[in-house]
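**Student:** Now for the letters of each chain:
Number of protein chains: 2
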Amino acid sequence: MKIAVLFGAKSFEHEISVVSAIALKKVLNSEIVYIFCDFNRDFYLIPTDKINSKRFSSGKYKKDKKLEIKNGGFFQKSLTGYKQLDFDFVLNVIHGSDGEDGKISSILDFFNINYIGPRIEASVLSYNKLYTKMYAKEIGVKSLDYTVLNKEDSRDIKLTFPVIIKPSRLGSSIGISIVKSKGEFDYALDVAYEFDNQVLIEPFIQGIKEYNLAGCYADNEFKFSIVEEPQKEEFLDFDKKYLDFSRTKRVNEAELDASMVEKLQDAFKKIYGNIFKGALIRCDFFVHENEVYINEINPVPGSMANYLFSDFEDTLLKLSASLPKQQKIICDYKYINSIQAAKGK
Amino acid sequence: MKIAVLFGAKSFEHEISVVSAIALKKVLNSEIVYIFCDFNRDFYLIPTDKINSKRFSSGKYKKDKKLEIKNGGFFQKSLTGYKQLDFDFVLNVIHGSDGEDGKISSILDFFNINYIGPRIEASVLSYNKLYTKMYAKEIGVKSLDYTVLNKEDSRDIKLTFPVIIKPSRLGSSIGISIVKSKGEFDYALDVAYEFDNQVLIEPFIQGIKEYNLAGCYADNEFKFSIVEEPQKEEFLDFDKKYLDFSRTKRVNEAELDASMVEKLQDAFKKIYGNIFKGALIRCDFFVHENEVYINEINPVPGSMANYLFSDFEDTLLKLSASLPKQQKIICDYKYINSIQAAKGK
Chain A
0 MKIAVLFGAK
10 SFEHEISVVS
20 AIALKKVLNS
30 EIVYIFCDFN
40 RDFYLIPTDK
50 INSKRFSSGK
60 YKKDKKLEIK
70 NGGFFQKSLT
80 GYKQLDFDFV
90 LNVIHGSDGE
100 DGKISSILDF
110 FNINYIGPRI
120 EASVLSYNKL
130 YTKMYAKEIG
140 VKSLDYTVLN
150 KEDSRDIKLT
160 FPVIIKPSRL
170 GSSIGISIVK
180 SKGEFDYALD
190 VAYEFDNQVL
200 IEPFIQGIKE
210 YNLAGCYADN
220 EFKFSIVEEP
230 QKEEFLDFDK
240 KYLDFSRTKR
250 VNEAELDASM
260 VEKLQDAFKK
270 IYGNIFKGAL
280 IRCDFFVHEN
290 EVYINEINPV
300 PGSMANYLFS
310 DFEDTLLKLS
320 ASLPKQQKII
330 CDYKYINSIQ
340 AAKGK
Chain B
0 MKIAVLFGAK
10 SFEHEISVVS
20 AIALKKVLNS
30 EIVYIFCDFN
40 RDFYLIPTDK
50 INSKRFSSGK
60 YKKDKKLEIK
70 NGGFFQKSLT
80 GYKQLDFDFV
90 LNVIHGSDGE
100 DGKISSILDF
110 FNINYIGPRI
120 EASVLSYNKL
130 YTKMYAKEIG
140 VKSLDYTVLN
150 KEDSRDIKLT
160 FPVIIKPSRL
170 GSSIGISIVK
180 SKGEFDYALD
190 VAYEFDNQVL
200 IEPFIQGIKE
210 YNLAGCYADN
220 EFKFSIVEEP
230 QKEEFLDFDK
240 KYLDFSRTKR
250 VNEAELDASM
260 VEKLQDAFKK
270 IYGNIFKGAL
280 IRCDFFVHEN
290 EVYINEINPV
300 PGSMANYLFS
310 DFEDTLLKLS
320 ASLPKQQKII
330 CDYKYINSIQ
340 AAKGK
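Going down the list, the sequences are from chains A and B.
Heads up: the first sequence at position 325 corresponds to 324 in numbering that gives the first Met the number 0, and the numbers run straight through without jumps.
Heads up: the second sequence at position 181 corresponds to 180 in numbering that gives the first Met the number 0, and the numbers run straight through without jumps.
Among the hints, erroneous ones may be present.
For identical chains, the list gives no copy identity; a pair is met inside one copy or between any two copies.
Claimed, not checked - The calculated EDC-like cross-link candidates involving lysine to aspartate or glutamate, where the alpha carbons are at most 20 Å apart (straight line), are: (1) K333 <-> D37; (2) K150 <-> E193; (3) K208 <-> D283; (4) K82 <-> D41; (5) K150 <-> E220; (6) K324 <-> E151; (7) K24 <-> E312; (8) K222 <-> D310; (9) K69 <-> D41.
In case anyone wonders, no lab produced these hints; they're calculated from the structure.
Given the sequences, and given the hints that come with them, work out the whole structure.
**Tutor:** And the structure:
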């Protein structure tokens, strides 16, 4: 199998996508074709044997072969025209905007390119934390209470501190603050509004348990990772999460009784539903007083959460054989023809 | 102003998009550049003076100039390379999938092309009727009660007939049936599942009033159309709606008292919010016992609902001057550089 790892793009998480993509080289035995989308959204073919983070930070990648995305795939200009890049499927490893907000899925769908990654609806429902909550409510999965605040709204609202403030639309802890008192509220809001014009405010529950579970639907069944209890110091900030994205070593399983693991897997199944088919996702849950709450859905998790799976590559390849098909649509110009016939033309 | 009307694409509503696009020629004085996306998703530049529906149904458009979409715009191959097509903004007139499901918005956003039309989130929230209901609930706009049914679910559910069955993800009345008794239920479900693997079942309320209101946010205010009470015979089927898409004549305003018009406009404003900025949308409301319910949001309404506006072109041009900007994101490779520095490389 030849896997095209697609990474980079115009995102606050551009750099962690670079790190994620490079981490995959260590964990995959399949042949990798690296497709880099730079910050200007131009595509480049990066030689797999030469990939390292400096190639991108130094701008050296600009000397690599440029690619164009068109109907059917990625193409390299050659003397005789365009040569199609050969691979079996794209693995979307673009974190944050472009990769997780629906843009890349749309483009790959539009141009009929086979890919592992969230489809458009899955992207929008997970990228916007408010929509994640709406969706969770609809399918019967709990999430923490929240207040929505828009940039133009009055800040004079009633809150019980401590609270956690999150931009609606960013991952990787960017722009997130824990606010312990009213005095800190304004500044934290300013920080969050730097990244989005809408924020969510949730109660910050001291000592709440956090559990991550990754998985996908492939071969007519759910394939689950182990459950991890992420290390946390209040919560991971961007620097720490960043390092997190380069993880390639297996982690220890959380110490949980079987019934709690089942509860987490049940919530995962409800969330995944038909909507997330085609993607390997990581759900970050809270557990409070024995109840499971969805915190966030990562439809393109850091380094694809490889470190949580007993056989990551096998899971990925099985998923690649279970990708959702696009809906069959026919167009026979029946209506236009019948109108023309009626007109006697 | 030069308006690029983008139409066609891979959609059950491909043909009505052709009709919508042609209708616009009659109502706009601005110069129009017609960009046709055919059923294979190849783009063509159609001469404005030669456009007619037969050009598409006969396949004659294939002799027109082919266009490629790339970073910055649409391009025509020339002897010396690529020539960029000149226009001020794209008007997205693709109905149904591709145009209203987020694909076209994603592609235009990704390639930095200025456009009137729903952005990704707006597309997903309006294209999927279940998400429209979730969204309406969140922002405090009523919608009719509903039951969600997936293809794999048991059909043995309790219902009070008559009900209306709708595929979750299609517009233009495709696949919709009114079911008067249990005996008709199975067949209607089969029809709906032809188009989507998820359906919504709503009570069918005899004599419910239907009102359409179009509008957009431009020039720092809402621009509303008149309210129309669409003609209906139980409800419009695809053939009738199809003819509806070619409308260019102003319609009569519904006879409503001012307080009801205000109620409809208030519901429109809540729905439009920040999410639909950049789009001219038509909201189809129900009114039952003096309460307003959202039925559906059309983010790319038939012939852009031109027939509802007192000055359609003026509204459109003002909207084109108020398009949302993409978020500013910087990438300075700060993290990668700091890691490299720490490594001493």
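**Student:** If a hint holds in the structure, say so; if it does not, say that too.
**Tutor:** Structure-based check of all given hints:
1. K333 <-> D37: between (44 Å within a copy, 16 Å between copies)
2. K150 <-> E193: within (10 Å within a copy, 43 Å between copies)
3. K208 <-> D283: within (11 Å within a copy, 45 Å between copies)
4. K82 <-> D41: both (17 Å within a copy, 18 Å between copies)
5. K150 <-> E220: between (43 Å within a copy, 17 Å between copies)
6. K324 <-> E151: Between copies, since 17 Å is at most 20 Å while 42 Å is not.
7. K24 <-> E312: Only inside one copy: K24 and E312 sit 11 Å apart there, 54 Å across copies, limit 20 Å.
8. K222 <-> D310: Answer is within: at 10 Å inside a copy they meet the 20 Å cutoff, but 56 Å across does not.
9. K69 <-> D41: Cα proximity of K69 and D41: in one copy and across copies (13 Å, 9 Å).
Hint violations for this structure: none, all hints satisfied.
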